[in-house]
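K.L.:
Whole structure, please, built from the sequences with the hints as guidance.
Letter by letter, the chains look like this.
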Amino acid sequence: MPFQPYMKKRYILIWLLVCLLIFASGVAVGQKTQNAALAEPVVVSPADKAAIETFEKHVKGYIELRNKVRANAPKLSKDSTPEQIHAYRTTLEQSLRNARPNAKRGEFFRPETADFIRRTLKIEFQGKDRRELRDQIFETETQGVVLRVNYPYAQTAELSEMPATLLTKLPQLPKELRYRFVGRNMLLVDRESDLIIDFMPEALP
Amino acid sequence: MRRIHAHHFLFALLISAIFFTPASAQKLNGKSTAAAKSADNAPLKLTLPVKDGSVRFAVIGDTGSGTEQQRDVGDMMVKYHGLFPYEFVLMMGDNMYGGEAPQDFEKKFAEPYRVLLTDKVKFYATLGNHDQALQTNYKNFNMDGKEYYRFTKGDVAFYSLNSNYMDKKQVKWLEDELAKETSKWKICFFHHPPYSSAKKHGSDGQLREAVEPIFLKYGVKVVLTGHDHVYERIKPQKGIYYFVSGAGGKLRTGDIDKNSGLTEKSYDRDLHFMLFEIAGDQMYFQAISRTGETIDSGVINRK
Chain A
1 MPFQPYMKKR
11 YILIWLLVCL
21 LIFASGVAVG
31 QKTQNAALAE
41 PVVVSPADKA
51 AIETFEKHVK
61 GYIELRNKVR
71 ANAPKLSKDS
81 TPEQIHAYRT
91 TLEQSLRNAR
101 PNAKRGEFFR
111 PETADFIRRT
121 LKIEFQGKDR
131 RELRDQIFET
141 ETQGVVLRVN
151 YPYAQTAELS
161 EMPATLLTKL
171 PQLPKELRYR
181 FVGRNMLLVD
191 RESDLIIDFM
201 PEALP
Chain B
1 MRRIHAHHFL
11 FALLISAIFF
21 TPASAQKLNG
31 KSTAAAKSAD
41 NAPLKLTLPV
51 KDGSVRFAVI
61 GDTGSGTEQQ
71 RDVGDMMVKY
81 HGLFPYEFVL
91 MMGDNMYGGE
101 APQDFEKKFA
111 EPYRVLLTDK
121 VKFYATLGNH
131 DQALQTNYKN
141 FNMDGKEYYR
151 FTKGDVAFYS
161 LNSNYMDKKQ
171 VKWLEDELAK
181 ETSKWKICFF
191 HHPPYSSAKK
201 HGSDGQLREA
211 VEPIFLKYGV
221 KVVLTGHDHV
231 YERIKPQKGI
241 YYFVSGAGGK
251 LRTGDIDKNS
261 GLTEKSYDRD
271 LHFMLFEIAG
281 DQMYFQAISR
291 TGETIDSGVI
301 NRK
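First to last, the sequence lines map onto chains A and B.
Numbering of the first sequence is given in this note's numbering, commencing with residue 1 and proceeding in unit increments.
Numbering of the second sequence is given in this note's numbering, commencing with residue 1 and proceeding in unit increments.
No lab work stands behind these hints, which were simulated from the structure alone.
Where a beta carbon is used, it is the ideal one built from N, C-alpha and C, also for glycine.
Heads up, a few of these hints could be off.
Simulated DEER-style distance windows between Cβ atoms [stated by the list, open to error]: (1) A:G144 x B:L46: 41 to 49 Å; (2) A:N185 x B:S183: 36 to 44 Å; (3) A:S77 x B:P43: 41 to 49 Å; (4) A:P74 x B:E68: 29 to 37 Å; (5) B:E264 x A:Q126: 29 to 37 Å; (6) A:L65 x B:K180: 32 to 40 Å; (7) A:R148 x B:K139: 32 to 40 Å.
P.N.:
In structure tokens:
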């Protein structure tokens, strides 16, 4: 039977469809592999575990100090006036600064802790689908923030949203402290007084 | 001649009844922009049914600019309060831009909504990326000193979340609370939108990853957000109705990406606020511009 032109067209079409299916499944598998890699938890070695414990010990020490300082600050109810909030915040800020006169960078983010956090960030921020996350952090308007330990985060500056997926992988903090990004730098901040407790320069890859 | 005079008198009476509520009279003593003044002549249009026993509230987002435009929105909210006496207002965050000294609380919140506050309308706030943590203790924000909290009105449970910092603890709290929730309606409100067509920020994918599975699991029907300075009603996503209401004090004109495929209805030409009414299994909504124009309205069925 002679090969009709319309038959040839049909074969080409079928082959094209088969190729398309193979290509699409390859992309899907690739995507799945990439997502699976992203979903992988950070490998926590015994050394990392020790680093996290040291970090948590320092955090605990800070909270104990903070509680003592806070006991002497004016009380703040849930029904406060702006004046009461202002008085509480400024007193707390000043008292915490005075209580840690020799505070310096690296007290909390010690080299071994910083190394663990950097690796965590690197894993969390890799891949195309995490580009949006980086953009989101870098678009935060943080002009006016001076990176200096024991100094307040500028009140006029925006706060970067901390990615929920990342927060599940970093060492957990008590409610009094927060992680925060300023550009590529990662900060440890007192939630109420907004004092910068410590920071890691160029933490983000 | 007498008939003409009577007609004029009746017309004037009608106009007075609509516009000269005690609240609006107070408003006229304050400042207002020319645009809002010209809108004083436009008739107010309410699309909500105002049913007996319904839960009535307003929504504003990204308000804290302290500008004349923010005050215009506050004034328009007062006018609509005369027609639709809502009990409370939900704030979508960014309650105060650029500083939080006592005078900022006055200029960026108390002053624009003074009439509503005087009328005992309660405000429930959530924190945005411009808000300091201690706003949780401000009496007029009714946050109970917490960054995330729950309250109920009738058969509606409202969950205010802190989307700046969605850590494990908050996610667990949300899940635990929703698991034991008995209210028919479950509404979550927070600052960052899981879905948005705005070009400036857009959809917050990582936040969506964290919370949407919980919303779906426990039957959250409506999610209210801000952050992008526009109005947008998103096409229902997996059965959930998402709103972006982030132009109560700041506007990003022309920011909506018309090709996102997400939009059911959007508006980015002026500031706005929203009104909601829940009666039984129906939730009625109306979005209103700064000048009183209805920009969107509709009804959501719970079942």
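K.L.:
What are the numbers of the hints that this structure violates, sorted from low to high?
P.N.:
Nothing - there is no hint that the structure violates, so all of them hold.
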